[in-house]
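Number of protein chains: 2
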Amino acid sequence: MTDLRYDVLGLGNAIVDVLARTDEAFLLANELHKGAMRLIDEPEAERLYAAMGPATIISGGSVANSIVGVASFGGRAAYIGKVKSDEVGRHFTHDIRANGVHFATKPAEDGPATARSFILVTPDGERTMNTYLGACQNLAPADVDQETVAASAFVYLEGYLWDREHAKEAFRTAAGMAHAAGRKVALTLSDSFCVDRFRDEFLGLMRGGALDILFANEHELKSLYQTADFDTALAALRDEKVLGVVTRSAEGCLVVTRDETHAVPAFPIEKLVDTTGAGDLFAAGFLFGLARDRDAVTCGRLGGLAAAEIIQHVGARPEASLKALAEQEGLL
Amino acid sequence: MTDLRYDVLGLGNAIVDVLARTDEAFLLANELHKGAMRLIDEPEAERLYAAMGPATIISGGSVANSIVGVASFGGRAAYIGKVKSDEVGRHFTHDIRANGVHFATKPAEDGPATARSFILVTPDGERTMNTYLGACQNLAPADVDQETVAASAFVYLEGYLWDREHAKEAFRTAAGMAHAAGRKVALTLSDSFCVDRFRDEFLGLMRGGALDILFANEHELKSLYQTADFDTALAALRDEKVLGVVTRSAEGCLVVTRDETHAVPAFPIEKLVDTTGAGDLFAAGFLFGLARDRDAVTCGRLGGLAAAEIIQHVGARPEASLKALAEQEGLL
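Those protein sequences? They're chains A and B, same order as listed.
Throughout the first sequence, residue numbering follows our numbering, covering 4 to 335 in sequence.
Throughout the second sequence, residue numbering follows our numbering, covering 4 to 335 in sequence.
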């Protein structure tokens, strides 16, 4: 049997966040749907960047944020994602490695620039994302290193990967390799609009046995089952053959299987600054807990703790050691 | 007489900050002098970047930070500085313009990359800077636009400009043009090591009448007059033909002329996060006050207010409207 070198391997869109504060009027004037992620092309990226205020550049990417979170808990973490060998791509690479994550995906030497998400944060702390995927379109099955997949207890994938054809194939490749090696596969639905784009395929993955764990927030779950009623959606999730983890912002999370439902409260916070990365960091804590054989409630608490840290500052990468915070709370 | 289109025109090294948290051990291991700015070449920049932790990229540059501060107070502000037309240079340009600052210096098309300052912030909030000047070496007298200088009530220069030959000439050119147009010239001594490098030249500038206002902190002032005794240094400053403004961190500032000394207390803060930009933003408030004909104490209070804002978050660009803060405090 292969040694388990990693607790969690993430596969996702490697993105650098360009974060700016804004007001509601700017969202309205630019017809932006608050709280959502939309994909933009290069001309729109240029236009929006020119129109937005001064910005901070911080490494991001949904699953990349989660993987950095796993490492911050003291977990052994690896990541697969595609940047270009440009200034911003080198910064992404520096950051994820500086967090102790194994990251060896070959950067693209030509083609589109490293992906950027222009994130507008309103005074209520809500973030609205405008993502130019750039080099992410070049992530391909050949980037999925079989040895790394087989050496990882969990492989964590993002729904956003389905927006690019090669990345979707890389996703399928990684999931297949993981199961062949006896590992577990987890998916985050990413965004309710992403679910809208790929609903049938996500349901197919789950029902075909390609997934073991599903992360979703309320909006995504309702979108998945095309219902406005949360309880209906939850009942449908209960019938799937996965461990379902549903985040509900300040109301904490629900951990759902066919036989059991656990409600875990959120951690209290002092001040909401920026919700960017809340779901990503929740998944980090939950997956780290699973990799360390904790029960569902402890996993939910670890997720809530990480989410609480991330929403109290700007950016989706932890500023404090999640391991230290978890030890303070008696969770590790 | 030319119209005064700008309250303050800044001329400085156009730098992007790469900010990371670190601990005292990292400073020791890398033989870094805590709190100081040292110049590094490209290989050392690469080495240090590889060794340091995950980082946030925010536009910086001492005088550029001040000029953005002037704009945040509602002042009319302009900036001259040299970036390269690379990704980081475009970000610097975006940010300063998004702050409402007039910035029209032609970027370098080739040669070294846009300048970066690798800033290490220790848990006590102190910052240690390692600056690769890159494209700044290409700032030249031809970049100093005579019309803009003549249209600015104050021209604000940084001592750091003396580290590069052409930039030093640009400094002299700007100061000469300003006086020819009947404007005032201000200098920040920048850093005690910078004063060490150029002591005689800075004293010569002041005594030759090239300067009207001098900004210094305690360390810089003691270095200027080569004394360990603050009162001795202050007495020497009093004899110069400039308005002297001496910042003393939590003890506020002293505004000194041959005839008068005003002590102005600092603004209280809740929590010190990152001292990066404290002096820059102090100068912003003080110069804005001067441009609006406020008395020395009010200028000192405006400076203290801006410094208090900047040290309570990461980065040297204001996150709140300084105009709104000043209005709340009854200073505007």
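Possibly wrong hints are sitting among the right ones.
One copy or any two copies: either way a pair holds, since identical chains are not told apart in the list.
Okay, derived cross-link-like pairs now, EDC-like style, lysine to aspartate or glutamate, Cα gap no bigger than 20 Å in a straight line [said to hold, decoys possible]:
1) 244 to 298
2) 274 to 322
3) 109 to 322
4) 225 to 47
5) 326 to 47
6) 171 to 298
What the hints contain is simulated information worked out from the structure, not anything from laboratory work.
Inset, instruction - Indicate which option fits the pair residue 225, residue 47 if close means a Cα-Cα distance not exceeding 20 Å: within, between, both or neither. - result: neither (30 Å within a copy, 52 Å between copies)
Inset, instruction - Can you give me the call for residue 274 and residue 322, within, between, both or neither, at a CA distance of at most 20 Å? - result: both (15 Å within a copy, 16 Å between copies)
Inset, instruction - Up to 20 Å between alpha-carbons, please classify residue 171 paired with residue 298: within, between, both or neither. - result: Classified as neither: same-chain Cα gap 31 Å, cross-chain 65 Å, threshold 20 Å.
Legend entry - Intra/inter-copy verdict for residue 109 and residue 322 if alpha-carbon distance must be at most 20 Å: Neither. Shortest intra-copy (27 Å) and inter-copy (37 Å) distances fail the 20 Å Cα cut-off.
Inset, instruction - Measure nothing new, just compare the shortest in-copy and cross-copy C-alpha distances for residue 326 and residue 47 to 20 Å and report within, between, both or neither. - result: neither (40 Å within a copy, 32 Å between copies)
Legend entry - Homo-oligomer pair classification [residue 298, residue 244; C-alpha up to 20 Å]: So residue 244 and residue 298 pass the 20 Å test inside one copy only (18 Å; across, 73 Å).
The structure shown violates the earlier hints numbered 3, 4, 5 and 6.
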